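> Sequence:
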Amino acid sequence: NLPSDATPVLDVTGKELDPRLSYRIISTFWGALGGDVYLGKSPNSDAPCANGVFRYNSDVGPSGTPVSFIPLSGGIFEDELLNIQFAISTSKMCVSYTIWKVGDYDASLGTMLLETGGTIGQADSSWFKIVKSSQFGYNLLYCPVTTTMTLPFSSDDQFCLKVGVVHQNGKRRLALVKDNPLDVSFKQVQ
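In this text, residue positions in the sequence shown follow the numbering used here: the first is 1, and each later residue adds one.
Bear in mind the hints are in silico, worked out from the structure with no lab data behind them.
A hint or two may mislead.
[What the hints assert, rightly or not] In silico EDC-like cross-links for lysine to aspartate or glutamate, where the CA-CA straight-line distance does not exceed 16 Å:
id	residue 1	residue 2
1	K132	D59
2	K132	E78
3	K132	D106
4	K132	D5
5	K187	D5
Quick caveat: nothing in here was measured; it's all calculated off a predicted structure.
Let's have the full structure, built from the sequences with the hints guiding it.
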């Protein structure tokens with residue numbers, strides 16, 4: 001049951017996000033600070049499918065990979081658990097490589113990277129929240145529903161950690177960060 005004061009997450013036009021629709025996760029900033037989120041091949045990965053969650057280096061480049069949000073409850077509300085899935089057609093072998101999760105600790109980068117290969121509705125590393133940003137738009141949080149995972153740094157939000165960007169082999173990779181979370185908005189795919 002949702003609290004009566006649950007606040008719907010809105011897209012760039014002010015409409016409530018709909019679990020049946022697809023959206024691009026876009027930056028609230030322009031130019032070199034901008035860039036959509038996309039599915040790409042992780043460096044040094046032996047996965048048979050693209051399995052990394054990245055952000056383009058500028059908003060002048062290609063459009064991001066569409067996503068759908070799968071809420072634990074009926075709608076998509078701020079501060080409510082949900083799964084995120086790239087909304088693309090893919091081969092049968094790669095279907096599980098569309099669902100976001102947080103990977104193992106990467107010692108060279110000092111954090112945990114976002115990747116695909118998650119599950120929907122399971123008590124694992126695949127739960128996220130959308131919260132209002134202190135700057136513009138929204139922030140994504142990673143929220144493990146079990147506290148058995150060792151997290152690289154703590155957060156003040158009930159074991160949730162902020163999603164931001166780290167640099168990996170010249171690309172901007174989404175990862176768990178202590179400071180400077182990624183400010184995003186959502187644009188419906190037509």
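> The structure should be examined with respect to each hint, and the outcome stated for every one.
Against the structure, the hints:
| no. | hint | in the structure |
| --- | --- | --- |
| 1 | K132 x D59 | violated, 22 Å |
| 2 | K132 x E78 | holds, 7 Å |
| 3 | K132 x D106 | violated, 28 Å |
| 4 | K132 x D5 | holds, 15 Å |
| 5 | K187 x D5 | violated, 24 Å |
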